[in-house]
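Enquirer: I would like the entire structure built from these sequences, with the hints used as guidance.
Protein chains: 2
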Amino acid sequence: MLTCVRGLLAALAFWMALPASAQPSSLLPVPSSMRLADGRLTIDSTTRFEIAGFADARLRRAVERAQSRLAQRISQPVTGAARDTARVPAARAITIDVAGAGMTVQGIEEVEGYSLVITSQGATLRSATVVGALRGLETMLQLVEGDGGSFFLPSLEIHDAPRFPWRGLLVDVSRHFMPLEQLKRTLDGMALVKLNVFHWHLSDDQGFRVESRRFPLLHQRGSDGLFYTQAQVREIVAYARDRGIRVVPEFDMPGHTTAWFVGYPQYATKAPPIAIRREWGGADAIFDPTREETYTFIAQFIAEMVPLFPDPYWHIGGDEVEAKHWDGNARIVAWRTRHGYKDNAALQAHFNRRLSAILVRHGKRMIGWDEILHPDLPAKTVVQSWRGVQYLANSARQGFAALLSAPWYLDYMKPASDYYTVDPVPQFDELTPAQRALVLGGEACMWAEFVSDETAESRIWPRLGAVAERLWSPREVTDVAEMYRRLDILADRLEGMGVRVGSHSARLLARIAPGVETAPIESLFTAVQPPRFGQATNGRSTNQLHPLTRLVDAARPDPAGRWMIERLVRRLALDPQDVAARDSLLVVFERWSLLLPRVEALAATSPTLAEALPVARALARTAVIGTEAVGFVTAGRVAPADWARAAAEELRRYEAPQGTLRVAIVADVRKLLAMASAQPATSDGR
Amino acid sequence: MLTCVRGLLAALAFWMALPASAQPSSLLPVPSSMRLADGRLTIDSTTRFEIAGFADARLRRAVERAQSRLAQRISQPVTGAARDTARVPAARAITIDVAGAGMTVQGIEEVEGYSLVITSQGATLRSATVVGALRGLETMLQLVEGDGGSFFLPSLEIHDAPRFPWRGLLVDVSRHFMPLEQLKRTLDGMALVKLNVFHWHLSDDQGFRVESRRFPLLHQRGSDGLFYTQAQVREIVAYARDRGIRVVPEFDMPGHTTAWFVGYPQYATKAPPIAIRREWGGADAIFDPTREETYTFIAQFIAEMVPLFPDPYWHIGGDEVEAKHWDGNARIVAWRTRHGYKDNAALQAHFNRRLSAILVRHGKRMIGWDEILHPDLPAKTVVQSWRGVQYLANSARQGFAALLSAPWYLDYMKPASDYYTVDPVPQFDELTPAQRALVLGGEACMWAEFVSDETAESRIWPRLGAVAERLWSPREVTDVAEMYRRLDILADRLEGMGVRVGSHSARLLARIAPGVETAPIESLFTAVQPPRFGQATNGRSTNQLHPLTRLVDAARPDPAGRWMIERLVRRLALDPQDVAARDSLLVVFERWSLLLPRVEALAATSPTLAEALPVARALARTAVIGTEAVGFVTAGRVAPADWARAAAEELRRYEAPQGTLRVAIVADVRKLLAMASAQPATSDGR
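Listed in order, the protein sequences are those of chains A and B. Each residue of the first sequence is one higher than the last, beginning at 1 in this note's numbering. Each residue of the second sequence is one higher than the last, beginning at 1 in this note's numbering.
No wet-lab data here; the hints were simulated from the structure. Heads up, a few of these hints could be off.
Okay, the calculated beta carbon distance ranges per label pair [claimed, not checked]:
no.	chain 1	residue 1	chain 2	residue 2	range
1	A	Gly148	B	Thr542	19 to 29 Å
2	B	Arg213	A	Thr229	16 to 26 Å
3	B	Ala275	A	Arg234	45 to 55 Å
4	B	Thr542	A	Leu141	22 to 32 Å
In this text, a Cβ means the ideal position worked out from N, Cα and C, and glycines have one as well.
Expert: Here it is, written out as structure tokens:
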């Protein structure tokens, strides 16, 4: 499918991928240090993997997986694979030399660095731990190149280690359930880009997703039958550990807990609804923090869950507790006053201290969303910022370890470049070195109100690669063009592993319009995208039970055409006489404007396809304005003020979603408009 | 991906899909009788499913699935779905009225007919059995259409029942293991086209795929760890039953049994190899039919398996037993002589009678491949023809029930039209009515030497739809153009359900060349295809352990361009002055010939992509010859004899695979050549 989109764009002359061997490294994330040398190590069916140092079952499984992936990559058997018993020469081996197992339970102190030396005689991967070797194997697999005659690894020397110890992805499985196989694909992808924390958001108002034997009504009444058995939880934790990924569970409390109360209403601040909440946002009832029974229940629940989740950290949520939840209950207000808590924040801090005490008994450190930040918070708590970047610094200044998530919400549908240019520890912040050291890293978040198991991967990837690189690579690695080039390769690597980065589009379109030629819609998808979370949804359903099988679901965030236009506009800004950039812009704009009649024809055949009409009209108009602006810019003429005003006004409208979709290139056409309206800098005969 | 291929072809002006609503019915298979009426039943979120008559859990699950699929199709919730409790009006309901459960264990006598009446007021589906309702629900889902305002079902009346009671697909899971999820997708697809037998080829020389507790070395040593647990077997059987599909197990014997002997060598005719056979073809050792221990072992094994497979039929294989297996063992030859069996066929008949006796004790009827046909065969045995169509008639003439498979081997990579034009009971055969009644139907066969779990579906679909229609629809339904039109829609329906009809191409290409623009290869795949089983493989691996991740695996059988060219050539044959057909042919031929330099550029970047070179050259040359032939035909000139001879010779070479792939349009260009070489019939001034 990604190939397909590129195919569409490839019809435009300017779009050309260099052959892999002529390109700079495709590594993502970029390693700490890399030195290329002359020569290459040929890779073929005589290539052999050897484990030279420490070995345990986890390392052996990892090497087997690497062998199998290498075999698939080069379409030849790779000797040394478990089931192949043929004899091979010892030359040209890929040697894995590990010093030891690493931590029994992987923690943030785990050593993840490695070195990789490749010569024409062989490759050697060295690491202190098995996790380090896992990281190095991923690097090695990304280095495979080919020419007409053979596959090879380039000679080089890499010394690599992560910048931050906490590099995560949150997946919300409550709003929409994500099946086991999809989680495994996501873990595979995370391993590919060296992420190391899977933050599993397991409960919320719309679903409780883990089997509880102690309190079976939790999953029986709170999940629609869509939950993970305890065996499946263990399976995911083991799968993640095999890939050097920690699993941090989140059971969000005291709010976001409606699904708990369908089975156990007695712990709620008020009588909850009798069914799972289907609409998004705003819980009805939350945990009652004033009753001892609440803590007994939570303690028993946590005691049951602890053996499933060996990670030293435990996420308690803690977000979006609103005054109405407690102020609306006279008994709670009275209790709060009686116990001398001056406000609800202090009451929540009380709740959190109680939780922390329970977790400490199990040897767990507590994490929560930034609302939990309070002077009374236990000192070892970790605070995860989501409401704004400032909470990261606030937490660090108050002495709490902190994680960045605020700018990395994937449901905000921002371009990868936006996610990429955020730094958890900017070079010129106001923190002391000690405070900076409290910033452990961060997590991208895939909240699932508007994604299903069919579409989640297309929202996670490839943009998550940008976050992964930010968290792993040196601060100085910031070239956006370079990032997009490698993100494109990453998308193919992921699809090749089975991750549904872009292939969901074809599947959804096939279902929406079986037998119908939907190429115009696919072309549309190069320039339009879903709205961001919270944006006017214009008729989009806000109910969990409504199928996510519309055009907005088939579309992708940060579509390929956006970055293409941004690049071309930049070139034109640098040199208004750049004829190639001008012609490319004109061709693409024309193509997009000509989509409209084709989309109109399709819209007459299906209400679902008709969803494309408003955004196709807006795209056509945006493209026309872009075309006119390019005309002024390249002619060195200042656009008439009336035209510019009208165009600006029209573009402003297109910043909002048009129906359920929005045009992705509005900002760049606005830049063109600004260029067309400004006094030309060089061509006015000065 | 299919959309993508159509996208590529869509660039050619002649290729246009009508909007769904303007088209004739897209039903596949065509029902026995259908009468369209005026009017339509609007389908939206107020549409309600009602079960009016008999109901059991199987029917309820089926209706829930239908509701969910309808909801996904129209991208709106469909009321009545299990988890939606909203109240709805009773008008415009889809009523399911079933008389009874049907057979406790589905057999060939199961009543599968149904009627479906749709008016603007509602739809009513009536059937005698739950299986009949399953068939009718599939029909109903295929009937959904849309216009710009709403979705609807057309008013009509359908009375439908199958022509043959046995309509199957064999899937070989031995040569390459097929995971549970893939089998489920295949069963979903089978239900869509109303097939009713899943023939599960569970053991062969290259793998024994079922857990045996009685004889655990069977799966422990015979499967590389790739086997189905007994729980998983039950899961598949239940999944199939829910879709009205019988599961017929095949444990092939006495030959094709190397994998058995890795754990239990004592029952073999000779010392077998110590490992699973990896190369294709020709077993080394087979069951020894002269020793009582063999039958004790088989009887105990079958006794363990019988509870897993409730179907009344049991497939014993029986194919490819060669003289060398028995003649090479002096003790067996002596035994055969001593017992008065005149040849090995008689000895195999002895073996089969012993097997039959074991099966009869369990209430099972025996099926086997056509080699088992022998006068001594028990009368109720069913014979499955694979070596040639004649064995079907032979079996029926000898009084045996029979199944057709010979022309329906999917690994022969024939075009769908070839599979479609076969009739198990041709109108003018020499059988008596009683003999004809012995023809139960047939099975398409997906042997798995050259397919993996990643590619099998692309070989099964959409061509299996042609076989399904042949077995279900009236004999008179034979229009190939109509079939291809509906097969194209079927492919999208299947992809929309998750079946990997064409989407494997994008995945494999992404892995073969991450980040590389592979549009030229995708264009190539519109006109080239994998070789058929048994054709010179030109360097293709014949070893089970070699990865099936090459271009030949990413390609598809019966590519879209083949039928396109066949249609255009037919038009030109009817009217050499058909300008549109001429222009279309010339445009497509030019496009294919221009692929060569682009493929050459790609070939320099990867040995895997270089695999495309020889076939790209052959396609370019074939296209050039086609262009020249079109020139002669449309100009009304007879081609010079020298040119025609050279062209014919060249085309003959291109009938063979070029490297691992072969050109799919050679036969049609040969037709053009014949037209160009013949005296023109109408334009010679006569």
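Enquirer: Each hint needs a verdict: does it hold in this structure or not?
Expert: We went through each hint and held it up to the structure:
{"no.": "1", "hint": "A:Gly148 <-> B:Thr542: 19 to 29 Å", "result": "holds, 25 Å"}
{"no.": "2", "hint": "B:Arg213 <-> A:Thr229: 16 to 26 Å", "result": "holds, 24 Å"}
{"no.": "3", "hint": "B:Ala275 <-> A:Arg234: 45 to 55 Å", "result": "violated, 33 Å"}
{"no.": "4", "hint": "B:Thr542 <-> A:Leu141: 22 to 32 Å", "result": "holds, 27 Å"}
In the structure shown, a violation is registered for the earlier hint numbered 3 alone.
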